[in-house]
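S.K.: Residue strings, one per chain:
Protein chains: 4
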Amino acid sequence: MSLDLSHTIELEPAFHDLDPMDIVWHGHYVKYLELARCALLSRFGYDYPQMRDSGYAWPIVDMRLKYVGMVSYGQRIRIRAEITEWENRLRIDYLISDAVSGRRLNKAYTIQVAVSIETRQMEYVCPPVLWQRLGVAP
Amino acid sequence: MSLDLSHTIELEPAFHDLDPMDIVWHGHYVKYLELARCALLSRFGYDYPQMRDSGYAWPIVDMRLKYVGMVSYGQRIRIRAEITEWENRLRIDYLISDAVSGRRLNKAYTIQVAVSIETRQMEYVCPPVLWQRLGVAP
Amino acid sequence: MSLDLSHTIELEPAFHDLDPMDIVWHGHYVKYLELARCALLSRFGYDYPQMRDSGYAWPIVDMRLKYVGMVSYGQRIRIRAEITEWENRLRIDYLISDAVSGRRLNKAYTIQVAVSIETRQMEYVCPPVLWQRLGVAP
Amino acid sequence: MSLDLSHTIELEPAFHDLDPMDIVWHGHYVKYLELARCALLSRFGYDYPQMRDSGYAWPIVDMRLKYVGMVSYGQRIRIRAEITEWENRLRIDYLISDAVSGRRLNKAYTIQVAVSIETRQMEYVCPPVLWQRLGVAP
Numbered sequence: 013m014s015l016d017l018s019h020t021i022e023l024e025p026a027f028h029d030l031d032p033m034d035i036v037w038h039g040h041y042v043k044y045l046e047l048a049r050c051a052l053l054s055r056f057g058y059d060y061p062q063m064r065d066s067g068y069a070w071p072i073v074d075m076r077l078k079y080v081g082m083v084s085y086g087q088r089i090r091i092r093a094e095i096t097e098w099e100n101r102l103r104i105d106y107l108i109s110d111a112v113s114g115r116r117l118n119k120a121y122t123i124q125v126a127v128s129i130e131t132r133q134m135e136y137v138c139p140p141v142l143w144q145r146l147g148v149a150p
Numbered sequence: 013m014s015l016d017l018s019h020t021i022e023l024e025p026a027f028h029d030l031d032p033m034d035i036v037w038h039g040h041y042v043k044y045l046e047l048a049r050c051a052l053l054s055r056f057g058y059d060y061p062q063m064r065d066s067g068y069a070w071p072i073v074d075m076r077l078k079y080v081g082m083v084s085y086g087q088r089i090r091i092r093a094e095i096t097e098w099e100n101r102l103r104i105d106y107l108i109s110d111a112v113s114g115r116r117l118n119k120a121y122t123i124q125v126a127v128s129i130e131t132r133q134m135e136y137v138c139p140p141v142l143w144q145r146l147g148v149a150p
Numbered sequence: 013m014s015l016d017l018s019h020t021i022e023l024e025p026a027f028h029d030l031d032p033m034d035i036v037w038h039g040h041y042v043k044y045l046e047l048a049r050c051a052l053l054s055r056f057g058y059d060y061p062q063m064r065d066s067g068y069a070w071p072i073v074d075m076r077l078k079y080v081g082m083v084s085y086g087q088r089i090r091i092r093a094e095i096t097e098w099e100n101r102l103r104i105d106y107l108i109s110d111a112v113s114g115r116r117l118n119k120a121y122t123i124q125v126a127v128s129i130e131t132r133q134m135e136y137v138c139p140p141v142l143w144q145r146l147g148v149a150p
Numbered sequence: 013m014s015l016d017l018s019h020t021i022e023l024e025p026a027f028h029d030l031d032p033m034d035i036v037w038h039g040h041y042v043k044y045l046e047l048a049r050c051a052l053l054s055r056f057g058y059d060y061p062q063m064r065d066s067g068y069a070w071p072i073v074d075m076r077l078k079y080v081g082m083v084s085y086g087q088r089i090r091i092r093a094e095i096t097e098w099e100n101r102l103r104i105d106y107l108i109s110d111a112v113s114g115r116r117l118n119k120a121y122t123i124q125v126a127v128s129i130e131t132r133q134m135e136y137v138c139p140p141v142l143w144q145r146l147g148v149a150p
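Chains as they are written, first to last, in our numbering: chain A, 13 to 150; chain B, 13 to 150; chain C, 13 to 150; chain D, 13 to 150.
Treat the hints loosely; a few may be bogus.
No copy is singled out in the list; a pair is fine if it fits within one copy or between any two copies.
Cross-link-like lysine-lysine pairs, in silico, DSBU-like; alpha carbons within 35 angstroms at most [as the list claims (entries may be wrong)]: (1) Lys78 x Lys43; (2) Lys119 x Lys43; (3) Lys78 x Lys119.
Hints in this document: simulated from the structure, not taken from any laboratory. Keep in mind that this is a model prediction, so the values were computed, not measured.
With the hints as extra help, turn the sequences into a complete structure.
M.R.: As structure tokens, this is what we get:
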């Protein structure tokens with residue numbers, strides 16, 4: 013049985029996400045990634061409030077987005093987020109596609125590391141709470 | 013001698029503040045007001061970090077903006093903020109104008125009240141720390 | 013038979029809408045109002061793309077928000093938008109409330125006027141296209 | 013004589029850029045990059061309005077940010093942007109550092125390609141207008 017560490021959300025861009033070219037400004041995709049990431053982590057009971065309660069902040073330390081197609085107003089998009097690394101850092105890969113045609117629009121990843129809220133020190137290995145929540149072995 | 017409780021900043025809108033009509037999206041003016049308000053309060057040593065250290069949060073409870081003219085990319089604007097009430101609540105009036113022509117673009121106000129960070133209770137009279145910082149009598 | 017010119021949406025604030033007090037930053041409510049307004053106008057076939065196609069931009073000229081309660085992460089909120097004026101200007105009233113308890117969190121309005129995209133002149137009476145779409149008499 | 017295709021700006025983060033950890037939310041760095049990029053391109057007379065007038069949009073097709081340190085309220089930061097590719101695509105490298113200590117906070121790049129506004133086709137070689145403005149040979 014394979015472990016499914018992915019989650020998919022759908023949304024339509026807001027008017028305030030559009031730029032003068034009448035397409036979504038590239039920086040707003042970072043918000044879409046976050047919405048998908050939070051929905052994914054929430055599914056495992058380890059979204060922002062639970063992270064904080066577990067004593068760790070999980071800042072993004074690396075993020076890359078490759079834009080293939082533009083997103084317009086009224087266009088329904090699908091954002092799939094999947095956890096692909098959890099041992100020393102939390103890596104999530106994203107695929108944004110058109111919800112109707114399935115056409116790829118954006119490919120991205122984010123990498124987070126655990127930082128102890130108390131000591132403000134970065135952890136070089138992910139804390140066990142992550143593995144417990146995800147149901148994975150390190 | 014008259015007391016000057018005002019401060020003026022200047023800025024040019026960022027590209028990411030523009031909407032499909034090639035003008036600043038109306039919601040971003042709220043950020044411009046905040047930049048002017050923080051600069052004003054900072055002048056009196058009572059910006060966000062000092063508010064927090066004094067034991068009070070100062071949430072906005074009322075805000076109104078009247079838009080007279082549009083703001084375009086490359087247009088230099090001036091935001092004047094002035095404290096006009098400080099007894100029971102902190103009211104700041106704003107005037108946004110074109111920095112070159114002086115033409116009025118927006119008139120706004122914000123009203124904040126003190127909330128004790130410890131008790132989460134709203135204060136019905138502004139705490140004396142505000143008056144001390146502003147150099148005013150209640 | 014009474015005419016229903018209202019629409020209600022529900023949402024949960026995004027993590028990127030939170031401020032250092034762990035509540036939604038007051039300026040982001042303007043986005044929530046817009047989401048409800050666009051959903052309402054879309055229901056009548058007169059959202060942003062149809063406005064543009066009809067030859068009019070509808071800039072916000074007046075906006076007021078009164079904040080009664082704070083919004084936290086994970087809190088489901090309901091935003092009700094209702095068109096209350098359509099003769100000379102388009103006025104929409106909003107009520108934001110907690111989706112579970114029904115407690116009021118914010119009361120707001122926005123006022124828009126029609127501006128001809130071709131002449132850039134403001135219309136002192138709303139163009140008939142608005143009334144046709146809403147199914148109202150001026 | 014070496015060609016200098018770089019530009020540096022300084023800024024302090026706005027209160028509305030802070031997240032619940034009291035640091036700048038990672039997505040807002042994209043805005044800082046854009047401010048530095050626009051200032052750089054403006055220096056060469058090829059910022060957004062001139063791009064549009066030259067018949068080209070220059071969408072971001074690839075963007076990467078590596079976060080080394082956090083940015084706090086009141087912290088003055090320096091963003092250096094430098095054009096490092098201009099033949100087939102426009103690549104800009106960024107370094108964000110603390111303006112006082114010089115400590116590195118973020119390293120990033122963006123890659124843009126020219127898209128003809130008329131044909132909506134991507135150009136596989138940068139249009140000569142870019143080279144003319146930058147004063148470079150392809």
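S.K.: All hints, please: hold or fail.
M.R.: Hint-by-hint comparison with the structure:
1. Taking the shortest Cα distances, lysine 78 and lysine 43 sit within 35 angstroms of each other both inside one copy (15 angstroms) and across copies (17 angstroms).
2. Taking the closest pair of Cα atoms, lysine 119 and lysine 43 come within 35 angstroms of each other both inside a single copy (14 angstroms) and across two copies (20 angstroms).
3. In this homomeric assembly, lysine 78 and lysine 119 come within 35 angstroms of each other (Cα to Cα) both inside a single copy, at 5 angstroms, and across copies, at 17 angstroms.
Comparing the model with each earlier hint shows no violations; every hint is respected.
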